Amino acid sequence: MTNKAISNHGLKHVYKSSIAPWVLPIVLLVVWQVSVSTGAMQLIASPYEVLTTAITYTVSGEIFEHIGVSFFRAAVGFLIGGGLGFILGVLNGMSNSSERYTDTTIQMFRNIPILAMIPLVIIWFGVGETAKIFLVTAGVMFPVYINTFHGIRSVDRGLLEMSRIYGISKWHLFTKVILPGAMPSILVGVRYALGVMWVTLIVAETIAATSGIGYMSMNAREFMQIDVIILAILLYSVLGKIADTLAKLLEKRLLNWHPTYQNLRNS
Amino acid sequence: MTNKAISNHGLKHVYKSSIAPWVLPIVLLVVWQVSVSTGAMQLIASPYEVLTTAITYTVSGEIFEHIGVSFFRAAVGFLIGGGLGFILGVLNGMSNSSERYTDTTIQMFRNIPILAMIPLVIIWFGVGETAKIFLVTAGVMFPVYINTFHGIRSVDRGLLEMSRIYGISKWHLFTKVILPGAMPSILVGVRYALGVMWVTLIVAETIAATSGIGYMSMNAREFMQIDVIILAILLYSVLGKIADTLAKLLEKRLLNWHPTYQNLRNS
Amino acid sequence: ACSHEATTHSQEMNEFTIGYQKNAITLMLREDEQFHADLEALGYSVDWAEFNTGSSTLEALGTESVDIANAGDIPSLYAIANNHPIRYIASTESAPHSQGILVQRDTDIEDIGDLEGKRIAFNRASIAHYLTLKTLEKEGLDLENVRPVYLDPPDAILAMERGEIDAWVVWDPYLAAGEERGHEVISTSEDVVAYRSFYFTNEAFLTDHPEALEVYVDAVIRIGEEVEDDPSIATPLLFEETGLSEETWHRILDRGINIADYNGPGVEEDLQQQADDLLELGFIDDPLEMDSYIVEGKELSNDE
Amino acid sequence: MTNQQNGVQLRIENMKKKFGSTEVIKGIDLQVDAGEFVAVVGKSGCGKSTLLRLIAGLEEKTEGTIYQNDAPLSKENDDARVMFQEDRLLPWQDVLTNVGFGLQLQNDWQTGAKQLLQEVGLEDHASKWPSLLSGGQKQRVALARALAANPRLLLFDEPLGALDALTRIEMQGLIEEIWKRNQFTALLVTHDVSEAIMLADRIIVISEGTISYDRDVPLPRPRERSHPVFKEIERELYAELLEESHKQQTFAMQS
Amino acid sequence: MTNQQNGVQLRIENMKKKFGSTEVIKGIDLQVDAGEFVAVVGKSGCGKSTLLRLIAGLEEKTEGTIYQNDAPLSKENDDARVMFQEDRLLPWQDVLTNVGFGLQLQNDWQTGAKQLLQEVGLEDHASKWPSLLSGGQKQRVALARALAANPRLLLFDEPLGALDALTRIEMQGLIEEIWKRNQFTALLVTHDVSEAIMLADRIIVISEGTISYDRDVPLPRPRERSHPVFKEIERELYAELLEESHKQQTFAMQS
Ligand SMILES: Nc1ncnc2c1ncn2[C@@H]1O[C@H](COP(=O)(O)OP(=O)(O)OP(=O)(O)O)[C@@H](O)[C@H]1O
Ligand SMILES: Nc1ncnc2c1ncn2[C@@H]1O[C@H](COP(=O)(O)OP(=O)(O)OP(=O)(O)O)[C@@H](O)[C@H]1O
Ligand SMILES: [Mg+2]
Ligand SMILES: [Mg+2]
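Residue numbers (the numbering used here), protein chains in the order written: chain S, 1 to 267; chain D, 1 to 267; chain X, 1 to 304; chain Y, 1 to 255; chain G, 1 to 255.
Derived from the structure by calculation, the hints contain no laboratory data. This structure is a prediction, so every number in the text was calculated from the model and none was measured. Glycine included, C-beta positions come from ideal geometry on N, C-alpha and C. Be a bit skeptical, because a hint or two may be false.
Claimed, not checked - Straight line, CA to CA, 27 Å or less: simulated DSSO-like cross-link-like pairs of lysine-lysine:
| # | chain 1 | residue 1 | chain 2 | residue 2 |
| --- | --- | --- | --- | --- |
| 1 | D | K12 | Y | K61 |
| 2 | S | K170 | Y | K128 |
| 3 | S | K12 | G | K61 |
| 4 | G | K18 | S | K12 |
| 5 | Y | K128 | S | K252 |
| 6 | D | K170 | S | K16 |
| 7 | Y | K18 | D | K12 |
| 8 | G | K61 | S | K16 |
| 9 | Y | K16 | G | K128 |
| 10 | G | K114 | D | K170 |
| 11 | D | K16 | S | K170 |
| 12 | G | K75 | D | K170 |
| 13 | G | K75 | S | K12 |
| 14 | G | K61 | S | K252 |
| 15 | G | K18 | S | K252 |
| 16 | Y | K128 | G | K16 |
| 17 | G | K114 | Y | K18 |
| 18 | Y | K26 | Y | K75 |
| 19 | D | K16 | Y | K75 |
| 20 | D | K252 | Y | K61 |
| 21 | Y | K18 | D | K16 |
| 22 | G | K61 | Y | K128 |
| 23 | D | K252 | D | K241 |
| 24 | G | K26 | Y | K128 |
| 25 | Y | K128 | G | K18 |
| 26 | G | K128 | Y | K61 |
| 27 | Y | K75 | S | K170 |
| 28 | Y | K18 | D | K252 |
| 29 | G | K247 | Y | K114 |
| 30 | G | K128 | Y | K247 |
| 31 | S | K170 | Y | K114 |
| 32 | G | K231 | Y | K231 |
| 33 | G | K247 | Y | K128 |
| 34 | Y | K114 | G | K18 |
| 35 | D | K248 | G | K128 |
| 36 | D | K252 | G | K128 |
| 37 | G | K128 | Y | K26 |
Stated by the list, open to error - Now the stretches of chain S that chain Y is said to cover, found in silico as 3 or more residues with beta-carbon under 8 Å:
| # | segment |
| --- | --- |
| 38 | 158-164 |
| 39 | 169-179 |
Based on the sequences and whatever the hints tell you, model everything.
What follows is the structure, encoded as structure tokens:
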């Protein structure tokens, strides 16, 4: 291979991994600007207007306050909810009798929309931070639960049999066999939960909030500021992309034994 | 084994599979009734009051109308969204270049809360059924997408290699190898989506609805009818349980080759 | 945006959509046979779309998802400030006692001055927000002197019951519901701000279908008069739709202003005042010229 | 790896096993002395693995009883370790940790695991993922894991099937050596007749779900393939297998 | 299963393969005639499977070229079918459909699959899930799948390792018969020296990543184990393997 070929190859790689993913977003952006400019799309703020708004919010520092507050709520709720979902998933995944007694109940709770629960949440937890974090917790819990449960249940039976017959301790059975085996599925749950976290947070931030991205977006809706609404939407999607990238890194680290991830790394 | 032993065994089985799951819900119900009766829990309607409300709604047939309308919206949204999520998951799962170009964009969209999108949805789709179904579609799409994608990516590489080397057609590769291999994960997505369907529907039913469970619950919220709010919550959980049971049946049917499900059947 | 089913239908099959929030007039109107008969005579049929906030109603109206709507004054100003092509076609007189400030049942707050440092709940961007500011201003206070808690009415009533807030600025029927639970009204919007209900359409519908609007406004006026005469014709329906008792609704209807009319001279003045206030408060960015959005009664019929 | 425990004694009485409606084990009676090394031979699908799984308590028997040191066995067999027919290595643990499973990952397992890994000739691969090993290397890792366990009963299900002739002989030597040192009871399923004779005190043939042949191997250790008794048993075994095979075919044609 | 196509001719030139920094194949030159049956023998981990995977185009070579009918091979090899060292049966398809993969699930594949299933003695198991089969049964299903394929180049990676002596001989007969009928080119990796001599036209030994031994087997078919040339080649092969093994050990000790 000549040097040129190598650098061509390098360029191609950079294109594939760093540029290709952004082609579609940029196309959408251009379509959006054009259809607003030509009047094909009405009542919607143009990318340019949104950018202006973004700059205003950034210069005033307001945007960082909103992100900061939301991030705190999201993180606390995620840790508690993810933790609970994980623990329940592990319990029910490992014990048939635990599953028998609690899975039905969990499945029933899972299906209750956050929005429908708000009155009860206010009655129980008031309108302060506790209520907001509770809502995020409830939202995040179920995807982690389901995927942990499923992950554990689908660990290769042959490996479980082997571990039992070799008299491995419960602790090692869990840490060395079940957990790593369930990990690919658990990480899917985590990835999904990272999305759900923001989705429920916006509901939570309709209750007596004075800051946070959800507040910013719902407030903008009340004031009908379409540019701010769109700014909030863009913020959500950027945060989503960041969360997703982190989850992917986590996957690469934790699943480095997995042929799927090895091959992706090589290619 | 004597006859008695057999019938004992049978009883035990009935207990395990049909009664045990309901122990916890019933305990919760009793705790609820007691804490309302003793005044420990205030502002909340008692199970008895909720039951009365349920009977009124049932006798008047109103409840069936709400369920019927919601069910229709949910079903249509589920089919479209689930279908789209599945197709995208398949495309991106099977093709690296498709993934490169669209996955980032999808991950960004996924993170946008339905509630934040409402203004844009109204601008694009109005306030009719289209908007409602669109919202359900958007909500259902992502869990199916993620799990399909993950399922396809984690199909055993050895089996894929085998199929390629045996020159199997693309169609058979998909239907006989990839799809069944991804099925356990896809079904987790479906199960999750069945929950999300109701969750987004309630948001959708805040837009210009005059019936549906979401409408019923949000309307009750407007006018502080705690009994109706709780009735709606219970309805959601029952619908969730039904959806979950269906999903489990589907799992048993589609995954009858899978040791995990065989063993569950035997025990 | 304008290719929504209802509007395309309205050209071909003359079907249009009325967006409404639940109140005596709109609920009666929905059931009113004469109204539907009059429309049918003109070749129209109606679709109904229910909303639970003024801003969402006007959002739908501005995007031509609905063709007619009712809402309060403050949300309409935000809609206009954000380029929604809406028009005022009718209004009620100001009903000062239909909104006010509630305080906890056994509190020692007696007047506005006592609110200093207290937790006050209201719905942001709403008429209650505006009322709060203006009321405090009269006492030489502003939001800095109190602890505002932004809550939607359904959430606020629960917070009130839990004692998490000291005061609550809200309108009927929540005001009455709060009173029913033993909370006290210490101030209303009397002499502070105007509090009107408005009926709206959007630019396109005004241009294309003034005759339908006239039927609508006439029906609103007629039903308003009937309810004013005898509130008990509306209370059973209201009870059924909201679960609030008929007595409560009686009280609400008695102190409310049910009679609407084509826009008269006071309307523009009040709206302009509010628009200027909002500008001053920084809630909107540019000054609004309200007269271009208000359809005077005669204009509507003259267009024909 | 000291000899603190002794092999268990096994007694199997009238054991039967059905999968659904097909009876795989049709009544097996077998007694194995403590520390005895028994080889199990038989046609593919005759029920050898099933027998081992029953003894390990991994499969529920349909009928019959297994006594271990005269106590009837119920549920899992804590004294037994199995080298399965498949490698059953944990893909997410490196080779060393996989071997460590034999030592229950306890105390100073690394040292023990490393030593066994060396004895199966894979010390260089200790930190690899199992998926990167060749077929025979995987099998040797599984063997190392089983041998590391030092149990009272060791069940080998075709432990050397994926190895070349020479490595195989080395591994046979290793198994014999560790068995002699630790005196566990061993059951070895193998398809290699000479391997059975090389290692076992006693050879049984399973056919049609029952034991059709059972004889001791009275050869001194270390054994020589060229020993006339060796040759004789070899012939005898082949003849037995062939005959059983013919019987079955005749039976199949008749039915 | 008629003989419409002929085996391919293979020419491998200076092929090398590294995994990371370890070189597994260190320069192999090999020519295989159309329709020739070559057996590959070597120690566990010497690179036999890797060689087969390279020829099948499943592994990217580090250096060198493979010519197939004089055309250099890039990417996957469409003419080749592989019987992998692991069974690689689809757990979610029944046994019959798994065999059907050999026939690409095309046309009247059921008939062909049923016939081959019968030839490997598993016709009764056609509708079972693979997970319910014994180790040897799984291997025979994989063999049936490979033989059903009737390709121009068939690569067997230890096809009979999990089978008992008798079934093994039957299956050798089957392989030979189908090879004779269809005249594909065959590469067979095996640990069983006598199997190699029984089936192959030519035997190569891989050692240290190169071909250390290469000889034809000039015996008429069907072959007899008792034939003196058979015995001679057997001895020669063992000697070769032993020597290579010693060399490696010496080398390992020195380094
Ligand atoms: N993907 C891989 N990454 C790193 N090393 C590998 C990989 N695949 C194989 N190896 C190494 O390459 C060497 C040859 O492996 P190969 O599978 O070809 O051996 P083999 O001759 O088939 O052995 P066996 O008879 O045990 O199956 C082994 O040492 C193995 O550990
Ligand atoms: N879980 C199961 N369900 C149904 N049939 C089974 C199951 N396990 C094994 N069998 C059947 O029982 C028979 C014996 O299987 P087993 O695995 O014991 O054979 P084996 O003697 O070990 O054969 P091999 O030498 O091929 O490994 C086979 O015919 C197999 O198909
Ligand atoms: Mg077996
Ligand atoms: Mg190999």
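Verification of the supplied hints:
At roughly 21 Å between alpha-carbon atoms, D/K12 and Y/K61 fall within 27 Å of each other, so this suggested pair holds. At most 27 Å may separate the alpha-carbon atoms for a hinted pair to count; S/K170 and Y/K128 meet this at roughly 25 Å. Under the criterion of a C-alpha separation no larger than 27 Å, the hint pairing S/K12 with G/K61 is consistent with the structure, at around 22 Å. Simply put, G/K18 and S/K12 have alpha-carbon atoms about 24 Å apart, close enough for the 27 Å limit, and the pair holds.
Restraint check for Y/K128 and S/K252: satisfied, since their Cα atoms lie roughly 17 Å apart, inside the 27 Å limit. Annotation: proposed proximity of D/K170 to S/K16 holds, straight-line Cα distance about 25 Å (limit 27 Å). The hinted pair formed by Y/K18 and D/K12 meets the criterion: a straight-line CA distance of about 24 Å does not exceed 27 Å. Of the pairs offered as hints, the one joining G/K61 and S/K16 holds, with about 24 Å between alpha carbons and a cut-off of 27 Å not exceeded.
Between Y/K16 and G/K128, the direct Cα distance comes to roughly 22 Å. Compliance with the 27 Å bound is thereby established for this hinted pair. With a CA separation close to 24 Å, the supplied pair G/K114 and D/K170 stays within the 27 Å bound. Simply put, D/K16 and S/K170 have alpha-carbon atoms about 25 Å apart, close enough for the 27 Å limit, and the pair holds. Our distance criterion of 27 Å between C-alpha atoms is met by G/K75 and D/K170, whose separation comes to about 17 Å.
Pair hint G/K75 plus S/K12 holds up; C-alpha atoms about 20 Å apart against a cutoff of 27 Å. Distance hint between G/K61 and S/K252 is fulfilled; the C-alpha atoms sit about 26 Å from each other, no more than 27 Å. The hinted pair formed by G/K18 and S/K252 meets the criterion: a straight-line CA distance of about 24 Å does not exceed 27 Å. Among the hinted pairs, Y/K128 with G/K16 is consistent with the structure: their alpha-carbon atoms are about 22 Å apart, no more than 27 Å.
The hinted pair formed by G/K114 and Y/K18 meets the criterion: a straight-line CA distance of about 26 Å does not exceed 27 Å. Simply put, Y/K26 and Y/K75 have alpha-carbon atoms about 21 Å apart, close enough for the 27 Å limit, and the pair holds. Using a Cα cut-off of 27 Å, the hinted pair D/K16 and Y/K75 holds, with the two alpha carbons roughly 21 Å apart. Between D/K252 and Y/K61 the CA atoms are separated by roughly 26 Å; this keeps the pair inside 27 Å, and the hint holds.
Distance check on the hinted pair: Y/K18 and D/K16 sit about 26 Å apart at the alpha-carbon level, within 27 Å; holds. For the given pair, G/K61 sits about 21 Å from Y/K128 by alpha-carbon distance, which is consistent with the 27 Å threshold. For the suggested pair D/K252 and D/K241, the alpha carbons sit about 16 Å apart, so the restraint of at most 27 Å is met. Pair hint G/K26 plus Y/K128 holds up; C-alpha atoms about 21 Å apart against a cutoff of 27 Å.
As the CA atoms of Y/K128 and G/K18 are separated by approximately 16 Å, the hinted pair is consistent with the 27 Å bound. For the suggested pair G/K128 and Y/K61, the alpha carbons sit about 21 Å apart, so the restraint of at most 27 Å is met. Proposed proximity of Y/K75 and S/K170 is supported: the alpha carbons are some 17 Å apart, at most 27 Å. Distance restraint check for Y/K18 and D/K252: the Cα-Cα separation of roughly 23 Å lies within the 27 Å cut-off, and the hinted pair is therefore satisfied.
For the hint linking G/K247 to Y/K114, the alpha-carbon distance of about 24 Å falls within 27 Å, and the restraint holds. Among the hinted pairs, G/K128 with Y/K247 is consistent with the structure: their alpha-carbon atoms are about 26 Å apart, no more than 27 Å. Simply put, S/K170 and Y/K114 have alpha-carbon atoms about 24 Å apart, close enough for the 27 Å limit, and the pair holds. With a C-alpha separation of about 17 Å, the suggested pairing of G/K231 with Y/K231 holds against the 27 Å cut-off.
Restraint check: the Cα-Cα separation between G/K247 and Y/K128 comes to about 26 Å, which is no more than 27 Å; the hinted pair holds. For the given pair, Y/K114 sits about 26 Å from G/K18 by alpha-carbon distance, which is consistent with the 27 Å threshold. With a C-alpha separation of about 23 Å, the suggested pairing of D/K248 with G/K128 holds against the 27 Å cut-off. For the proposed pair D/K252 and G/K128, the alpha carbon gap of about 17 Å is at most 27 Å, so the pair holds.
Using a Cα cut-off of 27 Å, the hinted pair G/K128 and Y/K26 holds, with the two alpha carbons roughly 21 Å apart. Residue count for the segment 158-164 of chain S with a Cβ under 8 Å from a Cβ of chain Y: 6. That meets the three needed, and the coverage hint holds. Only residues whose beta carbon comes within less than 8 Å of a beta carbon in chain Y count, and the segment 169-179 of chain S has 4; three or more means the coverage holds.
Every hint from the earlier list agrees with this structure, and none is contradicted.
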